[in-house]
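Q: Below are the chains, spelled out letter by letter.
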Amino acid sequence: GAVVSQHPSWVICKSGTSVKIECRSLDFQATTMFWYRQFPKQSLMLMATSNEGSKATYEQGVEKDKFLINHASLTLSTLTVTSAHPEDSSFYICSARVVAGNTGELFFGEGSRLTVL
Amino acid sequence: RKEVEQDPGPFNVPEGATVAFNCTYSNSASQSFFWYRQDCRKEPKLLMSVYSSGNEDGRFTAQLNRASQYISLLIRDSKLSDSATYLCVVDPPYGQNFVFGPGTRLSVLP
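As you go down the protein sequences, you meet chains A and B in turn.
Sequential numbering of the first sequence, starting at -18, is according to the working numbering.
Sequential numbering of the second sequence, starting at 1252, is according to the working numbering.
Worth flagging that the hints you see were computed from the coordinates, not collected in a lab.
All values derive from a computational prediction rather than experimental measurement.
Quick partial rundown of chain A residues pointing at chain B, CB under 10 Å, derived from the structure:
#, residue
1, Q19
2, Q23
3, E40
4, I74
5, R78
6, E86
Taking CB as the label site, the calculated pair distances span:
#, chain 1, residue 1, chain 2, residue 2, range
7, B, D1290, A, F9, 21 to 27 Å
8, A, D8, B, S1332, 26 to 32 Å
9, B, G1305, A, T12, 28 to 34 Å
10, B, L1331, A, D46, 42 to 48 Å
Below 20 Å or equal to it, Euclidean Cα-Cα: the simulated SDA-like pairs (lysine to any residue) are:
#, chain 1, residue 1, chain 2, residue 2
11, A, K36, A, A53
12, B, K1296, A, M26
13, B, K1253, A, M26
14, B, K1296, A, F72
Here a beta-carbon is modelled for each residue, glycine too, at the ideal position from N, C-alpha and C.
The task is simple: from the sequences and hints, build the whole structure.
A: Below, the structure is given as structure tokens:
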């Protein structure tokens, strides 16, 4: 089946630094990928929709200048958390959709756990 | 009203029990429905799609009632390994993004 790979799985960084997370579709092309954030014991929160070759679409309340998304190819989207602060510590997950007909299954990356000191 | 709502949980059940989760959605034009399972500190994984006629996969049965905008998941003969959070996911029409329910946490106790 389709696989989405995310890297790194864990990252610890100092406050004020930037962190880049990669999301790759391994055996299919994904024109659209999604980025989520999940705080402990809470549900997934969609941050933005990453569109290949164009600007990402951000959900309300998500700062686009802080969470930079680049979708340069059909198999890779990156999320950069700029000037990270402790409150950005969270579990970040990407997903991509495999479309078949009028429906499609959503596959998730393994997630990246960010801890900002 | 939230787009997708689920039983608040948590559900604590003994091994071997049967447990049912409910989910309701607000957009009557929604196309597809799924149950995902998420283990602690892991990504969600597809458990099963939900078809109009209802579908079964081993100990798991999913049902859809479009008229009531209601989805259910039944787990029979619960195993310890079934402990997880179960997410109801709805695919709205017109290319909108998937909508996730808040999840229902299940703990199967020995």
